[in-house]
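Enquirer: Sequence:
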Amino acid sequence: MSIQIFPPEEIVETTVAGLPLSKSIAARALVLQALTPMSPAIPAGCLPDCDDINVLKAALEVRQGAVNIHASGTALRFLTAYFAATEGTDVVVAGTERLAERPIAPLVDALRSLGADIEYVAAEGHAPLRIRGKRLRGGTVALDASKSSQFVSALAMVAPSMADGLRIELGGRVPSMPYLNMTLRMLEARGIDARMEAYTAVIPAGTLRYAEPECEPDWSAASYWYEIAAVTAGWVTLPGLRAGSLQGDSILASIGERFGALTEFTAAGAELSASPDLYSRLDLDMTDYPDLVPALAVTAALIGMPFEFTGVANLRDKECDRLEALRLNLLRLGVIAEVGRDSFGWEGGRMPISEIPSIDPCGDHRIAMAFAAASAFVPGLIIQEPEVVAKSYPGFFDDLAAAGFTISENVTTA
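Using our numbering, read the sequence shown as starting at 281 and increasing by one per residue.
Since the hints were derived computationally from the structure, they do not count as laboratory data. The reader is advised that the hints may include incorrect statements.
[Said to hold, decoys possible] In the DMTMM-like style, the derived pairs of lysine to aspartate or glutamate whose C-alpha atoms are separated by at most 25 Å in a straight line are:
1. Lys427 <-> Asp622
2. Lys427 <-> Asp568
3. Lys427 <-> Glu588
[As the list claims (entries may be wrong)] Beta-carbon label-pair distances, calculated as ranges:
4. Thr686 <-> Ala548: 24 to 30 Å
5. Gly520 <-> Val342: 29 to 35 Å
6. Glu604 <-> Thr420: 36 to 42 Å
Please read all numbers here as calculations on a predicted model, not as lab measurements. We treat Cβ as the ideally placed atom computed from N, Cα and C, and that holds for glycine.
Put together the whole structure using the sequences plus the hints.
Expert: Structure below.
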């Protein structure tokens, strides 16, 4: 299936009713709730209804047998540690073909060094995994977290259950460090003195206590609305977003000023408006905020702002090679971007296009959503596989339609 998108006839002025709750907060809350004795279930109103959270929630109830987590890399990392540290579990964790390609070996190596019983079912270093749970001894472990901060978060959440607690010595620069800080803050709210000491995460042994669930809208999902506000020069209200968020991606409010999307926090949430005052370029180190790259790259290209994003090498290991997917689909818009070893950029080069672009998200929810706003410049833009947005934001295209965009099933051959 594919869809065609046409822009609104009027200037966009919308309140986004369906902005999902934070997937990153909810995933951690679910694992911590499962590890907390006598903890009540998290209310449905504090969990986003998306594929990643639904598969994680279902998997946490399994103790024996097969666990299918589909395409969720978050579930793979968090469940590997959770099952390994939970006595009485005997499971095989598996998912899609792409999931089997995503990095897991550094986490498995770290857990094995702590006494975990984990086997690779097929290819060495990749899911599926056979995991037999036991109480782990803890102590000190060295971890190469250069591929994902989720390796550290996964270990940190189960560390209080270990006999000696855990010190995680981090090797190399950790991408998405704000997500690790989120994990430590959520542990602290549950009575664990979790902290960073230079390049070591320190999590003592202890019993997790109940904490009220954290409910915040998702700043990563908000990035597509910052994009829409910028490229349409419209007004967008994002209910519930606030300054001082647990989420590192809230830096978007500051970055938005550079490309003309201003943020005012009010009782209604984040109110976005357009500004004609733009930076001449958008050069950013995105090591800590990789999920923002698709929306920022497409925004900058659409408004004609050259950019270079560094610290993006780990985007090759997402639902697809996200850098290559961005490059190929920007080329379909006539934008000649370049991929480097650890960079992604555009210096203004363009080529003419002779047909309506058909965007291939390569199975990646963030690619599909990032390119939807391009319909403001190319009416009738085609998005293939629109259903991939269910991974994080199932109602995205409904919200887009409510904002005045016309969305119809594409009847031509993509």
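Enquirer: Now look at each hint and say whether the structure bears it out.
Expert: So, going through the hints one by one against the coordinates:
no., hint, result
1, Lys427 <-> Asp622, "holds, 12 Å"
2, Lys427 <-> Asp568, "holds, 12 Å"
3, Lys427 <-> Glu588, "holds, 21 Å"
4, Thr686 <-> Ala548: 24 to 30 Å, "holds, 27 Å"
5, Gly520 <-> Val342: 29 to 35 Å, "holds, 32 Å"
6, Glu604 <-> Thr420: 36 to 42 Å, "holds, 38 Å"
No hint from the list above goes unmet by this structure.
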